[in-house]
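Under the working numbering, the first residue of the first sequence carries the number 1, and numbering increases by one thereafter.
Honestly, the hints are just simulated from the structure, not real lab data. Watch out, some of these pointers could steer you wrong.
Computed beta-carbon distance windows for the label pairs [claimed, not checked]:
hint, residue 1, residue 2, range
1, T105, L535, 39 to 45 Å
2, T50, E450, 50 to 56 Å
3, E407, K536, 23 to 29 Å
Result set (BS3-like, lysine-lysine): computed pairs, CA atoms no more than 25 Å apart in a straight line [stated by the list, open to error]:
hint, residue 1, residue 2
4, K262, K361
5, K277, K304
6, K361, K277
7, K103, K437
8, K493, K437
9, K437, K470
10, K536, K470
11, K343, K437
12, K179, K202
Ideal Cβ placement from N, Cα and C applies to all residues, glycine included.
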Amino acid sequence: MDVYSRAREEIEAALKAAMAELKQDVPVVLDKAPAGMGDLAFPCFPLSKTMKKAPAVIAKELASMIRPRGAVEKVDSNGGYVNFHLKFAELAHETLGAALSQKQTYGRPDRPKGVKILVEHTSVNPTGPIHVGRARNPMIGDTLARILRQAGYDVSTEYYVNDVGRQVVVMTWGVKNLKVGVEPERDKDDYRYVLYYQKANKLLEEEPGREKEIGDMLYKLEHGDPETVRATHEVCDSVLKAIMQTLGRLNIAVDRFTWESKFVEDRSVDGIIERLKKSEHCHEQDGAYYLELESFGIAGRETKWFFTRSDGTSVYTTRDLAYHMDKFARTDIAVNILGEDHKLAMQELSAALTIMGVQKKPEILYYAFVSLPEGRMSTRKGVVVNLDDLLDEAVERAYEEVRKRREDLSEDRMREIARIVGIGALRYNIVRVQAEKQIVFKWEDALNFEGSSAPFIQYAHARACSILSKAGDWNRDFDAAHLATDHEKELVKSIAGFPSVLADCADNRRTHALAVYAQDLAAQFNQFYRFVPVLKAEGSARNARLALVEASMWALKNSLNSLGIEAPEEM
RNA sequence: GGGCGCGUGGCCUAGUCAGGAUAUGGCACUUGCCUCCUAAGCAAGUGGUCAAGGGUUCGAAUCCCUUCGCGCCCGCCA
Numbered sequence: 001m002d003v004y005s006r007a008r009e010e011i012e013a014a015l016k017a018a019m020a021e022l023k024q025d026v027p028v029v030l031d032k033a034p035a036g037m038g039d040l041a042f043p044c045f046p047l048s049k050t051m052k053k054a055p056a057v058i059a060k061e062l063a064s065m066i067r068p069r070g071a072v073e074k075v076d077s078n079g080g081y082v083n084f085h086l087k088f089a090e091l092a093h094e095t096l097g098a099a100l101s102q103k104q105t106y107g108r109p110d111r112p113k114g115v116k117i118l119v120e121h122t123s124v125n126p127t128g129p130i131h132v133g134r135a136r137n138p139m140i141g142d143t144l145a146r147i148l149r150q151a152g153y154d155v156s157t158e159y160y161v162n163d164v165g166r167q168v169v170v171m172t173w174g175v176k177n178l179k180v181g182v183e184p185e186r187d188k189d190d191y192r193y194v195l196y197y198q199k200a201n202k203l204l205e206e207e208p209g210r211e212k213e214i215g216d217m218l219y220k221l222e223h224g225d226p227e228t229v230r231a232t233h234e235v236c237d238s239v240l241k242a243i244m245q246t247l248g249r250l251n252i253a254v255d256r257f258t259w260e261s262k263f264v265e266d267r268s269v270d271g272i273i274e275r276l277k278k279s280e281h282c283h284e285q286d287g288a289y290y291l292e293l294e295s296f297g298i299a300g301r302e303t304k305w306f307f308t309r310s311d312g313t314s315v316y317t318t319r320d321l322a323y324h325m326d327k328f329a330r331t332d333i334a335v336n337i338l339g340e341d342h343k344l345a346m347q348e349l350s351a352a353l354t355i356m357g358v359q360k361k362p363e364i365l366y367y368a369f370v371s372l373p374e375g376r377m378s379t380r381k382g383v384v385v386n387l388d389d390l391l392d393e394a395v396e397r398a399y400e401e402v403r404k405r406r407e408d409l410s411e412d413r414m415r416e417i418a419r420i421v422g423i424g425a426l427r428y429n430i431v432r433v434q435a436e437k438q439i440v441f442k443w444e445d446a447l448n449f450e451g452s453s454a455p456f457i458q459y460a461h462a463r464a465c466s467i468l469s470k471a472g473d474w475n476r477d478f479d480a481a482h483l484a485t486d487h488e489k490e491l492v493k494s495i496a497g498f499p500s501v502l503a504d505c506a507d508n509r510r511t512h513a514l515a516v517y518a519q520d521l522a523a524q525f526n527q528f529y530r531f532v533p534v535l536k537a538e539g540s541a542r543n544a545r546l547a548l549v550e551a552s553m554w555a556l557k558n559s560l561n562s563l564g565i566e567a568p569e570e571m
């Protein structure tokens, strides 16, 4: 266990013992102490009433009762607070020692958790290029998966491919029956096939009579006509590969694709339907079956959830139910990354699971939409920023910046750094805010390379690498007592906080807190860099500072890596 | 009509779950700092009734209630 967590546990235990002695029963919650007042604090105000004493008096009393031991150096009081000061030398020695020995696994708990988590993310319909609005999903999903992995979970990622819906049928029908006169924007299958999709949609609006052809094809697909299944799958697969190529530029890949058609073909959906029909909540209307879910907290105009159509075929969420059963058989915990528009459908799915007697439920991380200043993104209306275009622009801007600063580098090296910096800036910009907050996409924010941004953090890392590469050999048997300035102490504490931040993000399935932490860590490092010379220091002070630089480097690198952002050694 | 989420300086944002010591950072703006380990940096400054009102509490950005604003949803679509 890391020093901070251990110290916290020790202090909580000591406080609980003191509470028992005083015959008081209040929950022991520790706060972070303000600068100069120690490390952790316990507010005594709640005790005031039952003990009939002023909080300051109680704090003083508690401070004298608790003897400093373990990681705690001193216990004192200030106003109504008991303040705990940790032994800095010990904290520093352990923290730096852990970072230097564990390297890229620094932050990971001592033992793997032995818990399998399946993170499903992206899962966009393969009907065209992915745009910035949709890209929030893979960025959050991939980041969460990386955080969970670094926090010791056994993680796999998965993309659920919709290949049985109307949309893919319309696209496939277009590819088979239509000619598109224009060249695609890019030489990629997602850009190529979306033209057929758009043309097909337009044609169907103009000639509603041809809708029957779509209906026929949909019927054939749902009843397993080999040729229709093959054609649809082929078109979807091409577009899917093109989408994954774009996501690959963002360092995003998934371990497995699961095709929705599988659950129709293997008849597991039929099994779900049979189970649901047996429920007392199930009713029938014109041959279609639904569950009445009002008693499951579903509210609104409509509390019926239809799980079959009149012709007996399944609907999307029914197939998703079969998919979840499949997932539950393969994992301990299923996490889904979904837009907030899926909330009701997931409530229905969850209720259906309960009705089926399934205890497991998916955990869902919802995110709000990314819109443009002119409104919601829509491929149909042309109000859209394609992810490929944003990626190109970010890399190009980063290239201009690199060229300004580093004329000494080769062209290839400049291009490589520009790629890492530009892409990192985009990922950071999306993942730095809480998922449930709406984002209005602005080019100037997305391409920000200063302040609260990935390049700021990457830059701190590059500075650390630069010092280490110039340092030559140094004695790694350092003495942490030489880290005496406030800048050094704050930096050590920041590095020490990494494991608990990581654990918090992993256990609470949130990504932005790590982004915020990394920015803070980089700021601490930059201040240290400005005020505390390392290479020019001498003897043991130089050793200790080099150890601090290397530990900073690992904390920065591991933070960035968990955010899916590469850490260049120079920039 | 109902459900869910969001509302923090001109703009973006942390803190809200587990209420506590002067509300976190960034952008922009003003002013300094490259004969010194990479200035994508550092330092200083201007700027806030934490949407509004009420309540609970010794103490509220945080908990409860009401109202307002914005977003999403309420299909035998996916």
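So, going through the hints one by one against the coordinates:
T105 and L535 have their C-beta atoms about 28 Å apart, which leaves the hinted 39 to 45 Å range violated. A C-beta distance of roughly 52 Å is found between T50 and E450, which places it inside the suggested range of 50 to 56 Å. Evaluation of the 23 to 29 Å hint for E407 and K536 yields a pass: the beta carbon distance comes to about 27 Å. Only pairs whose Cα atoms come within 25 Å are accepted, and K262 paired with K361 is accepted, the gap being roughly 21 Å.
For the hint linking K277 to K304, the alpha-carbon distance of about 14 Å falls within 25 Å, and the restraint holds. The suggested pairing of K361 with K277 holds, with an alpha-carbon distance near 20 Å, which does not exceed 25 Å. Only pairs whose Cα atoms come within 25 Å are accepted, and K103 paired with K437 is rejected, the gap being roughly 34 Å. For the hint pairing K493 with K437, the CA-to-CA distance comes to about 30 Å; that exceeds 25 Å, so the pair is violated.
Between K437 and K470 the alpha-carbon distance is near 43 Å, which puts this suggested pair outside the 25 Å criterion. Restraint check: the Cα-Cα separation between K536 and K470 comes to about 11 Å, which is no more than 25 Å; the hinted pair holds. A distance of roughly 15 Å separates the Cα atoms of K343 and K437; the hinted pair therefore holds under the 25 Å criterion. Taking the CA atoms of K179 and K202, the gap is near 13 Å; set against the 25 Å cutoff, the hint holds.
The structure fails to meet hints 1, 7, 8 and 9 from the earlier list, while all remaining hints are met.
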